[in-house]
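Enquirer: Guided by the hints, dock chain B onto chain A, whose structure is given.
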Amino acid sequence: MRPGEALRVVLRSGSGRLGMGLLAVLVLVSVLVPFFYPLDFGLRFWNNPIAWADNPKAAPPAWTNLLGDTAPRHRVFDAEQPTGTIDAGSARIRQFAFTFSHQTVEPPTFLSVSIGAVTFHERPPILSMTLTRPDGRSATLLQEAVRGLRPDETSPVTRFADEPRRVYLTGDAAALGAAADFLLREFDLRTSGTELQGRLEEVLFSMPTGEGVDSLAPLNGEYTATIRVITYDPRDSVQSVRFVAAGGVYGLMGTDTQGRDLATGLLFGFPVALLIGVLTSVAATILGTFFGILSGFSGGRTDTIIQRVSDVMTNIPLLPILIFLIFVLGQKLWLVMTILVIFGWPGLTIILRSMVLQVRSGQLVEATQALGASRWRIMFRHVFFQMAPFIVAQMIFFTPAAILAEAGLSFLGLGDPSLPTWGQILEQGFRTGAIFIGYWWWILPPGILIVITAMTFVLLALAMEPVLNPRLRERAA
Amino acid sequence: MALAYTLGLRALSLVGVLFVVLLLVVVTLGATGFSDRMLTAIVSEEMRGTRQALAETIKDPERLEETLRERRAELEEFYGLDRPWYTRLPAMVGRVLTLDLGAARNLRSFDGSSRVTDIVLERVPYSIMLVTTSLVITAVIGLWLGAKLATRVGTRSDRLTSYLAAASNALPAWWAGILLILVLSFQLRIFPSGGLYSSPPPEGGLLRFMDLMWHAALPILTLVLVSVGAWTYVVRTMLLNTAQEFHVTAARARGLPEGQVMRRHILRVAAPPIATNIILALTGSIGGAILTETVFNWPGMGRLYFDAITTADEAVIVALTFLFTLMYITARFVLEVLYVVLDPRVRYTAQ
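These protein sequence lines are chains A and B, in that order.
Quick note, the first sequence lines up with residues 203 to 679 if you use the numbering used here.
Quick note, the second sequence lines up with residues 1406 to 1756 if you use the numbering used here.
Excised from the complex, chain A in its bound form (with noise of 0.2 angstroms):
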């Protein structure tokens, strides 16, 4: 059968238009995958907490608001230009000021502030940041002077060019002490800030009801936070600012412990995981077609030698010899590749050498030889294309066994941490012990993922069987 004629067949059924619906969706997000990510995503972001530090931590995915939990959004402010300048004399005082309304009675989960690249040349700039609320009050959270001049540098000077300054109110002294301080202040409170360690945002976005700090309401509506940096030469410049108000819901696919966005994480294994089954599987189809009609055809010693090897191959317990051998050998992913490769094209060439000796006694291989055919040719004309259907659906019904196994591989703990794959996201939530605490959107989506991978793949299988057995192609037609 030709090839356009076995997807004809193959396109006929239900579960064939299914699965090459999910192929083809694979394949698309697969090739745009590699276009908008870098290719050291894995040691670079995934695996890098500094990259992850603004995110809310174990967040679920933002549309579970729509199911009726009224968490806060998630609200990251980036900017490089400032909202309004000051003049002072020789001091210029630029203002980054972001208003955000907020509307849940959960305050956000925490505040940050990130000062990139600072430029001076003579004294230091000051950095503060105030938080203004609906009804007018304002708290200074931060102040501090930028580190001066040291007596091996060179005015200018710039500081936190490689890594922002980052401040995480949330769990900073001074910021803790200036809560308290506007609570004395302004509602006459009297607390401490050991006191409100952890509840920063929850005293700052909301109203004191009674006597202590225990008794809040909720305070809704516009919050400004203003970002000052004050400079005090003309050349002196600052490269961005960034303020974050961190919600309790995060992205598509929510956050992990760590804040990583697992839809970033999510997506970044859809390549990867077809690029294991695809390539794994070819190879091993190669391999054991190669040796399986080498082994049929030659007989003797060749035969015999083949024979053992696989039968010997298929006797090895597959995971527990992955388990060592990764162990031992280390955890990289072309290893686990090679070894599935290894250890997956002995079941085939069992199978097709027993095919090619009931083939080789046939009638066509005796005329063919009749006629003059060389022995290659005949085993690559006759034997191999008669039996190509065959070795097709072998390949597809291999590939989920190879994205499985890596899958299980990854989820003992043995993946490769220079790419994130399902089963790594997957193993991580559970030593985290996200199953027993609940956090469904970490452990559901990637198992989902993997198993919708190796369905296409099985469906595809399963649609091939017509074009294998024409006895059940009829009965379809």
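Don't read these hints as lab results, they were simulated from the structure.
Watch out, some of these pointers could steer you wrong.
Claimed, not checked - Across the chosen pairs, the derived CB separations fall in these ranges:
1) A:Val511 <-> B:Arg1468: 55 to 65 angstroms
2) A:Leu245 <-> B:Tyr1491: 28 to 38 angstroms
3) A:Gly502 <-> B:Arg1453: 55 to 65 angstroms
4) B:Arg1442 <-> A:Pro251: 27 to 37 angstroms
5) A:Lys259 <-> B:Ala1717: 21 to 31 angstroms
What the hints assert, rightly or not - Rough simulated footprint, nothing fancy, chain A against chain B, three-plus residues with beta-carbon under 8 angstroms:
6) 1416-1424
7) 1507-1514
8) 1572-1583
9) 1609-1620
10) 1696-1709
Claimed, not checked - Selected chain A positions facing chain B (in silico; Cβ < 7 angstroms):
11) Val514
12) Pro519
13) Phe526
14) Val530
15) Pro602
16) Gly610
17) Gly649
18) Val653
19) Ala656
20) Leu664
Positions of the beta carbon are idealized from the N, C-alpha and C atoms, including for glycine.
Expert: Same frame as chain A, but now just chain B:
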């Protein structure tokens, strides 16, 4: 005689497999320097004991150090640490075979022993319990349901089973386990999420047993769930193929009751190919058990694998790899025996 010959041949070939695995393990360990590290750990442990013993009798610190150095050199020579790794291959194979792998780095057995043999061997019964129980349940359901479906081919339930069987190829056991925990343990709180007993474990033999069963329910359910579909499908298809043969028609024509035809003329004849498929499915179930134990914190060998990887306990991993292969090969041999018993033709060809 022929039977013994056939089985002997199979046993020999499986021992060959075991040997290949051992060689693979030992060569990998040697070539990567792992075996040096493991033997050094064994030497260091023995030296600790020697130091304590000698410190009692030798009071002069310089002489003590001297004696210890000599003792260390002796030990290193004994373990072959002064020679290249390939010269001690046979010794290392023997070591793995007898699980004489020294002490684990962090893992301990239930009563606190750090010997690898103790840690690993006490887990074996728990793994075997899980795998055999689920295998028996799967077999019973698979045979019963498969036989039932074979009599009603093409019905909706038949097609549904075929699809579910195919789908179960895409459902890894550990993921099914996680789903079951989320639903039955976390949401509905019917079953415990893991472990062997409640804490504290209930008193009394029967209550304790019931508690164990209650904890084993979810892992067993997981293993059954992911393999029962494929089993049913195989049984159904094999029975169907046999049912189309002439001897079955002949049996029916003789007016034999349908139950008898099913038992003696279909099931009996289809038994060997069914057994073959079961043998082939065994690898999958071993892998499934490793991951399922991990998910349910079931203290078998699979969970130990997970813990050993987490704490980088090399000796335990080597011991487990060997034991799993041994278990697999033993199970495989049992099935081969079963196969020979089921299929008389194998016996005759051997002659």
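Enquirer: Each hint needs a verdict: does it hold in this structure or not?
Expert: Now for the hints, and whether the structure bears them out:
no., hint, verdict
1, A:Val511 <-> B:Arg1468: 55 to 65 angstroms, "holds (58 angstroms)"
2, A:Leu245 <-> B:Tyr1491: 28 to 38 angstroms, "holds (36 angstroms)"
3, A:Gly502 <-> B:Arg1453: 55 to 65 angstroms, "holds (59 angstroms)"
4, B:Arg1442 <-> A:Pro251: 27 to 37 angstroms, "holds (31 angstroms)"
5, A:Lys259 <-> B:Ala1717: 21 to 31 angstroms, "holds (28 angstroms)"
6, 1416-1424, "holds (count 4)"
7, 1507-1514, "violated (count 0)"
8, 1572-1583, "holds (count 8)"
9, 1609-1620, "violated (count 0)"
10, 1696-1709, "holds (count 3)"
11, Val514, "holds (5 angstroms)"
12, Pro519, "holds (4 angstroms)"
13, Phe526, "holds (4 angstroms)"
14, Val530, "holds (5 angstroms)"
15, Pro602, "holds (5 angstroms)"
16, Gly610, "holds (5 angstroms)"
17, Gly649, "holds (4 angstroms)"
18, Val653, "holds (6 angstroms)"
19, Ala656, "holds (4 angstroms)"
20, Leu664, "holds (5 angstroms)"
When each numbered hint is compared with the structure, violations occur for hints 7, 9.
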